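Top line first, the protein sequences correspond to chains A and B.
Per the numbering used here, the first sequence starts with residue 1, numbered consecutively.
Per the numbering used here, the second sequence starts with residue 473, numbered consecutively.
Simulated from the structure, these hints should not be mistaken for laboratory data.
Note that the coordinates shown come from a computational prediction; the quantities given were computed from them, not determined experimentally.
Just so it is clear, CB atoms sit at the ideal spot from N, CA and C, and this is done for glycine as well.
Please note that the accuracy of each hint is not assured.
[Claimed, not checked] Reference listing, derived: stretches of chain B covered by chain A, where coverage requires no fewer than 3 residues with Cβ under 8 Å from a Cβ of chain A:
#1 479-492
#2 501-507
#3 666-680
#4 714-727
#5 772-785
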Amino acid sequence: MRVQAIDHVALLPLYLAAGTAALALFTGRFAKACMMIGLSAAAIAAVIVAAGADRATFAVGPWHSYWADDAAMGAAALFAGLSVLVAAVSGRQPGEYWFLLAVSAAGGITLAGARDLITLIVALETLTVPLYVLVTKPGRDGAEAGVTFVIASIASSATALMGAAFLYAAAGTVHLAGLASNLGSADPALTAAGAALLLGGFAFKLAAAPLHAWAPLVLERAPLPIATYLASASKLGGAVAIIWVVYFGLAAGAETSTGMVVAALSVASIAIGNLGALVQRRTVPLLAWSGIAHAGYVLAPLAVVATAVGQEAASAALAYAVFFVLLEAGAFAALTAVRPVAAAEGRVSGVGEGGAIGELAGLWRSAPLPASVFLFAVIGLAGLPPALAGTFAKVAILEVLAPSAVWLAVIVAAGSVLGLAYYLPLARTVLLGRGPATGKGRFAIAVAAIGLALLAVTVAPQAVLDFTAVSR
Amino acid sequence: MLLVAVAVPFFGAVLVWAWRERAFAHWLGVGAAALSLAAVALLPIGRGDGNWVITGGHLSGGWWHQLEYEWAPAIHLDFALAVDGVSWPLAALTALLGLLCCLHNALGAEGRTSAPLQVPVATVATGGPSLAADDVSGVPGQLGPGVPGGAAALGASGSFAGAGAARPSASLTALLLAVQFASILVFFADNLILFFIAFEAVLLPMWAIIHRYGDPAARRHAAAKFALFTVGGSLVMATGLFVAVADTGTADLGAIIVGGGVGSGVSLLVFTLLAIGFAVKAPLWPLHSWLPDAHTAAPTVGSVLLAGVLLKLGTYGLIRIAGGIAPQGAADAAPVLAVLATLGILIAGLVCLSLPELKRLIAYSSVGHMGFVVLAFAAGTEAGIRAALFGNVAHGLITPLLFFLAGALKARTRTGLLGSLGGLRLAAPQLAGLLGFAALASLGLPGLAGFWGEAFTVYAATERGGAWLALAAAAAFGAFLAAAYLLRMLRRVSHGPIVPATDGIGDASTVELAVWAPLVAGTLLLGLMPGPLLDLFGEGLL
């Protein structure tokens, strides 16, 4: 039996992230510095790999399990960058915290390159399992968050595995490229069931309906830095997994059932997320519910992925996901920076560190930098100029939807209008509200960094749109 | 020049915002607006020959000036600006109104209104929304100038204590410049995606103007309503734009129009989506209900920009974008559009006859005037299109003047109720004279700007014959209603004996007259010499 050559350059970002995780476990008080430097190096490595030619490795016949193309490496760099951001707003934490965070980031980087169902699911589990520990704070609320997250996550993993098993039974391969070529002649019922279960399971990570209910509860009760991670990197993981599976695997062989499943998930998420967010009075649940609606917008273009505009649709979905997680990361990082120190140390009783929306009143005066990043992110999530990052995201998906599925475009538009009804009061409270100052901003460098990143994608959206253009 | 006209208000807005606590911030804003107006005014120099030629998928020759930078080709977004005879008058109008509004702020022309106008909960009578405004309970905490504005107002009143006028905060000037920037960008955009982004960019500053500086009793409701209607409209419009982009494969506006628009299969769909979007902004009955609330609650300068600029975005979009890229759909949908427009004219006229409040009356009259513009566009003949464009510009001069006058009157008398006003002719003859002039211009007196647009609208509708004759007759009756309600307004406000509210109020000050003079001059000029403007429209790209 011939041992095939492994392209170690393609795997370099993954090696760096995994090595960082191992190192973080043993370096004690230097773990944080270690982890931040290591993951930054992984991000840089990903960018360098992306700059070269596309690489692929772990081949079975013509199909590869791992691809290092622009989209994958861009997503990998984003995973590493978001993890570094989360680390920067985490403050002082015990050593294993950094280990777990680095492991999760390594899972994300693997996920970006994964092109077969097994690698994809293992990567997704690697991304998720460390979070079981991280979301849990001491006390009743923390336990509630942890247990909810574990149960929801395991249920969805089982669902996804079942779906993967059906698809394997139908197509006889787990490679996405293999699914694309074999599913066309497979049993349609088996294929449809497999696609529905797999996508439904993955939708959990993205917090898309119907497996969305954990998100507001867990995000509200988790420590804010971890909520930042859940809302940004972890959601990107879900989005990437779904986009890869739909575009590379299911679009060619199982277009009808996939389109219907994705459209249903998308419409349900948009409706549930927006309606849920309308009644929220606390900041983190509001962002969490609206995140469910945004998951619906990410999924919407995938509903038309099987049509002639498939490549644009997948690219638009990925672009929306990238813009969205950057904006979410901005909002949550800014929120983390201004939370009262007492809450950060767990000395405040009651649910949630994010606090009520009213507590953000007057933030503009007491902490201008986090307040401006927060405002920019919220306006961007609403999709309005001057926060053009959100506008570009919306333009990208509407441009795909308008010609191929006008009804879905109209639903997305209606959802955005509803979104304005809760984003505008939130922005108003931060900017104009009069209230006690909620404390000084911390983590100025991290907040400024994500602010600059948002500004950069506002001025030069083409940078994001370039790497999110998925190739076949 | 094109870039200067767009960039100056933008950087002006940023700088004024950054230095909003300095005394010179207002004048910085005025300077930026003046520079922008100068740049727009210079645009006709060196214009092209009017021959529209397509070379390599891009249009050349016909635009007066154009420039183009790539921004995000993946989503068809180019920073492409262009100007011709259709967009230039509207951009010039925008720049002029922007300058006047900034001047109005800087001079503190309405100093007395910086205190809250009305503390009681607004009703229809006092300019509030017609439904009970259920979310005004927090208003007492919201009174006074806004948060950053508070310090600015203090600084300004400190350094200008001698002038004796408490000026509104410089942040308002910054927001006005932001609206001006976005609106000029809309008129100059030669790329559909850029057009959409600029269209959306108008929203937030205008929302902030209404929300922060509006009438305390009604502003929250009005601002939220404005924002939701506008975003809903612009997203529907965006969907239409993207269908068009996908169908033609380019987002270059000029190229699409010269190429004959989108294919016949999607033409009606594109036009319907675009028309719904622009009808919200224009506003066309029955999508107009945000307008009276927003206009009434907004501060004077806000109402001026709303009436003079924002409504023009809708009609410009309808005529240039919707009519341009989907001409077949426009022809198919014309009867529906015409009937809605005529209904709007009649309903606005009837509603205005019974409205008790000055600003709300003027706001509602805009629905009627815009109905004329849309009817003229729907008629689709050459006379109709020109009448639509002309009525658009004329409305942009007359209604802002009316709003300026109503604002001045409300600031003096502390009331806008027609029932409690009277005798203005005796108390403040200049003010009453100007109000009479503006009202006559608005009702379409021959010799003033309002006449040509409405007269040719009726003419254009008659030209089509058949059922259009009925619409023409209805529109003419609507013009008669306009005369009735405006004269009723004049009778209540100007004539009669002096009532307590108007007793002892000052006449128009020099500062106010200076701000209003360009609008009066423009109204007279357009009324007496409509030819040059109509010629400009004739050589534009439609």
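Taking a Cβ-to-Cβ distance below 8 Å as contact, does the region 772-785 of chain B have at least three residues touching chain A?
violated (count 0)
Taking a Cβ-to-Cβ distance below 8 Å as contact, does the region 666-680 of chain B have at least three residues touching chain A?
Since 8 is at least three, the answer is holds.
Are there three or more residues in the region 479-492 of chain B whose C-beta lies within less than 8 Å of some C-beta in chain A?
Per the Cβ count (0), the hint is violated.
Please check whether the region 714-727 of chain B has three or more residues whose CB lies within less than 8 Å of a CB on chain A.
Answer holds; 5 residues pass the 8 Å Cβ test.
Outcome, coverage hint (the region 501-507 of chain B, chain A; C-beta under 8 Å; three residues)
violated (count 0)
Hint compliance for this structure: hints 1, 2, 5 are not met, and every other hint is.
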